[in-house]
Every structure is written in C-alpha cells, then in structure tokens.
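Peer 1: Sequence:
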Amino acid sequence: MSTKTISISESLNTSLHKKIAISPLKSPSKSLKPVQTVTMGGSHFKTIIPLATQPNVQQIQVPGSRFTYVRLVTSTTANPTTLQAGGPTTSTMQTAKPMVVNTGTVRMSVPIAPAQTMKQMVPKSITTTTQVMTNAQTQQRLIMPATSLPQIQPNFTNLPPGTVLAPAPGTGNVGYAVVPAQYVAQLQQSSLVTMASSSGFHTPTGVQTQARLPVNGLSTAPDSSTRPRKPCNCTKSQCLKLYCDCFANGEFCNNCNCNNCFNNLEHETERLKAIKTCLDRNPGAFKPKIGKGKQGESDRRHSKGCNCKRSGCLKNYCECYEAKIMCSSICKCVGCKNFEESPERKTLMHLADAAEVRVQQQTAAKTKLSSQISDLLTRTTPISTSGGGRLPYTFVTKEVVEATCECLLDQARQTELSGQPQALAERLILEEFGHCLMRIISSAGKAKSDCINC
DNA sequence: GAGTTTGAAACT
DNA sequence: CAGTTTCAAACTC
Numbered sequence: 001m002s003t004k005t006i007s008i009s010e011s012l013n014t015s016l017h018k019k020i021a022i023s024p025l026k027s028p029s030k031s032l033k034p035v036q037t038v039t040m041g042g043s044h045f046k047t048i049i050p051l052a053t054q055p056n057v058q059q060i061q062v063p064g065s066r067f068t069y070v071r072l073v074t075s076t077t078a079n080p081t082t083l084q085a086g087g088p089t090t091s092t093m094q095t096a097k098p099m100v101v102n103t104g105t106v107r108m109s110v111p112i113a114p115a116q117t118m119k120q121m122v123p124k125s126i127t128t129t130t131q132v133m134t135n136a137q138t139q140q141r142l143i144m145p146a147t148s149l150p151q152i153q154p155n156f157t158n159l160p161p162g163t164v165l166a167p168a169p170g171t172g173n174v175g176y177a178v179v180p181a182q183y184v185a186q187l188q189q190s191s192l193v194t195m196a197s198s199s200g201f202h203t204p205t206g207v208q209t210q211a212r213l214p215v216n217g218l219s220t221a222p223d224s225s226t227r228p229r230k231p232c233n234c235t236k237s238q239c240l241k242l243y244c245d246c247f248a249n250g251e252f253c254n255n256c257n258c259n260n261c262f263n264n265l266e267h268e269t270e271r272l273k274a275i276k277t278c279l280d281r282n283p284g285a286f287k288p289k290i291g292k293g294k295q296g297e298s299d300r301r302h303s304k305g306c307n308c309k310r311s312g313c314l315k316n317y318c319e320c321y322e323a324k325i326m327c328s329s330i331c332k333c334v335g336c337k338n339f340e341e342s343p344e345r346k347t348l349m350h351l352a353d354a355a356e357v358r359v360q361q362q363t364a365a366k367t368k369l370s371s372q373i374s375d376l377l378t379r380t381t382p383i384s385t386s387g388g389g390r391l392p393y394t395f396v397t398k399e400v401v402e403a404t405c406e407c408l409l410d411q412a413r414q415t416e417l418s419g420q421p422q423a424l425a426e427r428l429i430l431e432e433f434g435h436c437l438m439r440i441i442s443s444a445g446k447a448k449s450d451c452i453n454c
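Residues 1 to 454 (my numbering) make up the first sequence, in order.
Derived by calculation from the structure, the hints in this document are not laboratory data.
Please read these numbers as outputs of a predicted model, since none were measured by experiment.
Hints are supplied without guarantee of correctness; some may be wrong.
What the hints assert, rightly or not - Calculated pairs, SDA-like style, for lysine to any residue (alpha carbon to alpha carbon, straight line, at most 20 Å):
hint	residue 1	residue 2
1	K273	Y243
2	K273	N255
3	K368	R439
4	K366	E399
5	K446	L430
6	K236	N257
7	K368	E406
8	K230	E344
9	K368	L351
10	K368	N257
11	K346	E399
12	K276	N257
13	K287	L348
14	K337	V359
Stated by the list, open to error - Restraint-style ranges between C-beta atoms, simulated for each label pair:
hint	residue 1	residue 2	range
15	S303	L417	32 to 40 Å
16	L424	K368	34 to 42 Å
17	A364	E431	18 to 26 Å
18	S303	T277	28 to 36 Å
19	L409	R281	51 to 59 Å
20	D280	E356	22 to 30 Å
21	K309	P283	53 to 61 Å
22	N307	E416	34 to 42 Å
Even for Gly, the Cβ is constructed at its ideal location relative to N, Cα and C.
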C-alpha cells in the first residue's frame with residue numbers, strides 16, 4: 001500500500017496550498033483498519049478520533065501533536081482511487097478503508113467502518129451545521145472542518161468518504177475529513193464525545209470507548225447496524241487479543257464489563273502493538289470471516305470454516321451457525337448438521353420462526369389492549385358511585401373484550417406450540433386472563449379516581 | 001448467578 | 001503443522 005500525495009490548489013488561497021497524503025484504501029470488513037496501516041512500518045502511529053469543532057463532533061488534540069485527530073467511516077463499496085482534491089470529478093467512490101496521513105512527523109491510522117444505513121442515521125440536528133452531500137450511492141456524507149477554512153469546503157463534494165486532508169508540516173493545525181453521516185450518529189452515542197475535552201486530550205482512568213461498526217461489513221442481524229454491540233466481559237486478555245470481540249471487530253471497548261481493559265485510547269500504544277502482533281501472526285486476522293463463497297456455493301460463507309466437534313454446528317458456538325450461514329466445504333467440523341437439507345436445522349429454524357411470531361403476536365395483542373384501555377380513558381366518562389367502590393362498567397366494551405380474547409388465544413397458541421401439558425396450558429391461560437382483568441380494573445380504578453379528583 | 005461446555009485464538 | 005492451553009462466549013442448571 002503506497003501513500004500518494006495530492007496537492008490542493010484549486011479554489012484555495014495560494015497561501016493555503018497544501019499537500020495531502022492519501023493512502024490506498026482497503027475493503028470494508030468486520031475489522032477496523034488500523035491494522036492495515038500498522039503494517040506499513042513507520043515510527044509513530046496515531047489512532048484518529050473524532051473532530052470536535054461542530055456541535056455534534058468531538059475534536060481531540062493529543063499532546064505533542066499538532067493535528068486534530070478524526071475517526072472516519074465510509075461506504076461499503078467502490079475502489080481506491082487517486083484523488084485530486086478541489087478539482088473536478090476525478091475521484092470515484094471508494095471502499096471503506098484505513099488511511100494513513102503522512103504529515104511528515106506523525107502518521108495517523110484511521111479505522112474506518114462501512115456506513116450502511118446512513119440516511120436514517122443522519123441526525124437532523126447536525127444538518128444545519130455541516131454540509132450534507134448525497135452521492136450516487138445515496139449515501140450522505142459530511143465535510144467537517146477541524147478548524148474553520150470555509151473556502152475549501154465546496155470543493156470536496158467529490159472526495160470519497162474517509163479522506164483526510166491534512167496540512168503540510170508547519171502550516172498549522174488544520175485538517176478536513178469527509179465523513180459519512182452515520183459516523184456522526186456514532187459520535188453522538190459514543191462516549192468519545194464525553195471523554196474528550198476541548199482543552200486537551202484527557203481520558204479519565206477506566207473510561208472506555210467503543211465506536212460501533214457493522215460486523216464484517218455485513219449485517220449479521222437485521223438491525224445490527226443500529227443496535228449497540230454486546231459489551232465484552234474479558235478478564236485476562238486486557239481486550240488486546242482476538243478473544244475480545246470488541247478488539248476483534250476493531251472497536252474500542254465502551255460500556256463493557258471487562259477488567260483491566262487496554263482497548264481504549266488511553267492505552268493506544270499497547271493497543272497498536274497488539275494489533276501489530278495479531279497481524280504478524282495472521283495478516284488476515286482482522287479481515288471479514290464471512291465472505292463470498294466459490295461459485296455454486298452460498299453467497300456468504302466462513303472464510304476459514306469452522307472446526308466444531310460437539311455442537312453439530314447448530315449452536316452459537318459455531319461461527320457459521322452464529323452468522324446464520326450454512327457450513328461449507330472448507331469447514332472441518334465433525335457431525336455437522338448445519339447444511340441445507342438437515343432436518344435438525346430445519347426444526348431449529350421452524351422453532352425460531354415460531355418463537356418470533358409468538359412474541360410478535362403477544363406484543364401486538366398487549367399493545368392493542370393497552371391502547372383500547374388508554375383510548376377508553378380519554379373518551380369515556382367513568383361512572384362513579386358515591387362510596388360504593390364499584391368500578392365503571394363502561395370499561396368492559398366490545399373492544400376490550402376482543403383484545404382480552406386475543407391475549408388469551410395467543411397464550412393458548414403459545415402453550416400448544418411449545419407442547420405444554422393441557423393442565424399447564426389451562427393454568428397459563430387463566431393467569432393471562434387474570435393479567436388482563438387486572439389491567440382493566442387498574443385502568444378503571446384510575447379513571448374513577450381521576451373523576452373523583454376532578 | 002454459578003458452573004459447565006464449547007471452539008477459536010494463542011501458545012509450545 | 002499438530003497438540004495443548006487459554007480464553008470468553010454460549011449454554012445449562
């Protein structure tokens with residue numbers, strides 16, 4: 001991977017003429033890319049962290065460095081290109097990549113994640129303070145100046161995400177980042193924002209950060225791009241080995257339950273060293289484990305295959321099963337039941353589907369019941385008797401009865417599907433009926449009380 | 001929640 | 001490369 005230098009000249013004040021070093025970028029993956037940059041050699045690396053000059057963006061200055069550090073996120077497709085910053089459309093969209101900004105004194109590695117659901121991630125609050133652009137891939141990106149240099153901004157609409165425009169040595173602390181909007185949302189949720197202060201780079205002891213990134217550049221679950229990743233519980237690895245999911249995903253730990261965690265900015269040196277060690281051991285350590293299979297095979301498959309011995313590849317111990325893909329020819333598993341025609345697998349799938357449907361039905365029924373009661377509270381006039389303690393009969397309407405019946409039917413279906421004995425089923429249904437009654441009574445009582453007070 | 005099982009990662 | 005150990009997540013009770 002070579003580093004290319006690009007001049008920014010057009011539309012810039014000549015005194016601001018700057019050199020930009022942009023490295024070719026790598027493909028998106030589960031892993032972050034600082035790993036790629038570390039292998040390039042170089043005496044000093046810095047993990048780039050968010051800009052701070054915009055209301056929703058954090059800028060952190062590392063002592064001893066003249067540069068504003070940023071963390072960048074970019075799209076999942078496209079190829080590396082050479083860029084002419086400020087020029088006409090000389091660039092094409094690029095892949096999520098790590099970037100090395102060679103400023104002459106400091107090399108900064110930029111972990112970059114694929115931005116997948118950018119449209120929905122763009123916070124409304126920031127669109128007024130940052131320039132939002134839409135490219136052919138319908139991804140929105142932001143140009144966020146680390147310091148004010150507004151005349152540059154309009155010329156970067158064609159830069160790929162993940163591009164850092166850094167100044168030549170001696171030109172001051174000015175840097176630009178083209179960042180997909182999703183990352184701004186990450187920033188808002190990340191404790192990176194709270195851990196950094198505008199006066200300097202101070203991270204309180206124990207503070208952990210975790211920028212959420214899609215796993216493998218793919219969504220392993222329908223909502224994986226929006227759901228916070230599970231916190232790790234590492235106790236011995238210092239979160240600096242691939243045992244740690246956060247580390248393996250190229251993320252900082254944040255809100256984890258780990259002990260003696262070194263996977264944070266506070267232990268940047270150790271972290272980068274660990275990344276290098278992992279890469280020395282396995283250059284593909286941070287590459288996606290789930291990739292495209294050979295022709296004729298499933299689109300997605302485990303890059304190395306699993307080695308399961310006892311789980312039949314039908315438990316989450318199995319990386320293939322966990323990724324919701326079938327085992328392939330490269331797996332070395334024993335007694336595998338994770339293949340297309342496997343009856344065990346089909347049964348598991350049916351059970352999982354049924355469970356999901358049950359949960360949805362039950363949730364819907366309960367929501368409807370609550371809605372009916374709530375609706376009644378607003379449109380009925382409770383009948384209160386003077387001290388008689390009777391509840392308003394108007395609450396037992398046709399709608400409430402129907403909603404109650406739905407709850408009971410759902411409970412019946414659930415017990416039937418799970419093969420519960422009849423006696424237990426009846427008991428569960430009765431209990432559900434009791435819950436419904438309690439809700440009705442509670443609502444009616446509240447309405448009565450409200451009426452008395454009014 | 002504690003203890004067990006599991007398989008990937010790390011180590012020898 | 002193979003065997004063993006370490007580790008943290010998944011799972012069971």
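Peer 1: Hints first: check each against the structure and report whether it holds.
Peer 2: Do the hints match the structure? See the list:
1. Between K273 and Y243 the alpha-carbon distance is near 16 Å, which keeps this suggested pair within the 20 Å criterion.
2. As the CA atoms of K273 and N255 are separated by approximately 23 Å, the hinted pair breaks the 20 Å bound.
3. As the CA atoms of K368 and R439 are separated by approximately 12 Å, the hinted pair is consistent with the 20 Å bound.
4. Between K366 and E399 the CA atoms are separated by roughly 13 Å; this keeps the pair inside 20 Å, and the hint holds.
5. Among the hinted pairs, K446 with L430 is inconsistent with the structure: their alpha-carbon atoms are about 24 Å apart, more than 20 Å.
6. Taken as a hint, the K236 and N257 pair is honoured in the structure, with Cα atoms around 12 Å apart against an allowance of 20 Å.
7. Distance hint between K368 and E406 is fulfilled; the C-alpha atoms sit about 9 Å from each other, no more than 20 Å.
8. In summary, the hint linking K230 to E344 is not supported, as the alpha carbons are separated by about 28 Å, beyond the 20 Å threshold.
9. Between K368 and L351 the CA atoms are separated by roughly 25 Å; this puts the pair beyond 20 Å, and the hint is violated.
10. Between K368 and N257, the direct Cα distance comes to roughly 37 Å. Violation of the 20 Å bound is thereby established for this hinted pair.
11. Between K346 and E399 the alpha-carbon distance is near 39 Å, which puts this suggested pair outside the 20 Å criterion.
12. Distance check on the hinted pair: K276 and N257 sit about 25 Å apart at the alpha-carbon level, beyond 20 Å; violated.
13. Only pairs whose Cα atoms come within 20 Å are accepted, and K287 paired with L348 is rejected, the gap being roughly 30 Å.
14. For the proposed pair K337 and V359, the alpha carbon gap of about 27 Å is over 20 Å, so the pair is violated.
15. Range check, S303 to L417: about 37 Å between beta-carbon atoms, so the 32 to 40 Å window is met.
16. For L424 and K368, the Cβ-Cβ distance of about 26 Å falls outside the hinted range of 34 to 42 Å, so the restraint is violated.
17. At about 19 Å, the beta-carbon gap between A364 and E431 stays in the expected band of 18 to 26 Å.
18. One distance hint, 28 to 36 Å for the beta-carbon pair S303 and T277, is violated here, with the actual separation near 21 Å.
19. A beta carbon spacing of about 57 Å between L409 and R281 agrees with the range 51 to 59 Å that was offered as a hint.
20. Range check, D280 to E356: Cβ separation about 43 Å, and the 22 to 30 Å hint is violated.
21. Restraint check, K309 to P283: a C-beta distance of roughly 27 Å breaks the suggested window 53 to 61 Å.
22. For N307 paired with E416, a C-beta distance near 39 Å keeps the hint of 34 to 42 Å intact.
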